[in-house]
Amino acid sequence: MPTILLLICSNIFMTAAWYWHLKGGMSKPLLLVIFISWSIALVEYCFAVPANRIGYANGWTGAQLKIAQEAITLIVFGGFMVTVLGEPLHWRHLAAFACIMAAVGFLFAGK
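Residue numbers are given in our numbering: position 106 of the sequence shown equals residue 1561, and the series is strictly consecutive.
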């Protein structure tokens, strides 16, 4: 469970670092945006690295860690896309998410 919670925190910061400037930050100079984004990403790494180390130490494979991170990313980004960017959720998003969740299931099957 600590791995999942740390990955959720990591992905919240990752999404903010990558996409915050699309809403209201487009007029800022690119170098400033890059500096701010890397500052946010530093916090993201402070959650991601322990998440992966804890997960790996508890028997998760590298592939399981990566696919779990991707699934969490989609959930976090979906919320960000709707609430911050104001973009609608379509059936395509749900279908893509279902495919990723199937991949999660395949990698964790029998574990």
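None of these hints come from the bench; they were simulated from the model.
Note that this is a predicted model, so its numbers are computed, not measured.
Beta carbons are placed, not taken as given, at the ideal position from N, Cα and C, and that holds for glycine.
Please note that a few of the clues may not be correct.
What the hints assert, rightly or not - Only pairs whose alpha carbons sit at most 20 Å apart, straight line, appear in this in silico SDA-like list of lysine to any residue:
(1) Lys1521 with Met1556
(2) Lys1478 with Met1556
(3) Lys1483 with Lys1521
(4) Lys1521 with Leu1486
(5) Lys1521 with Lys1478
Claimed, not checked - Listed next, with one range per pair, are the computed distances between beta-carbon atoms:
(6) Glu1525 with Met1456: 40 to 50 Å
(7) Val1539 with Ser1494: 15 to 25 Å
(8) Met1556 with Asn1513: 27 to 37 Å
**Prompt:** Any hints this thing doesn't respect? Which numbers, in order?
**Reply:** Of the numbered hints given earlier, those the structure breaks are 2, 3, 4, 5, 6, 8, listed in rising order.
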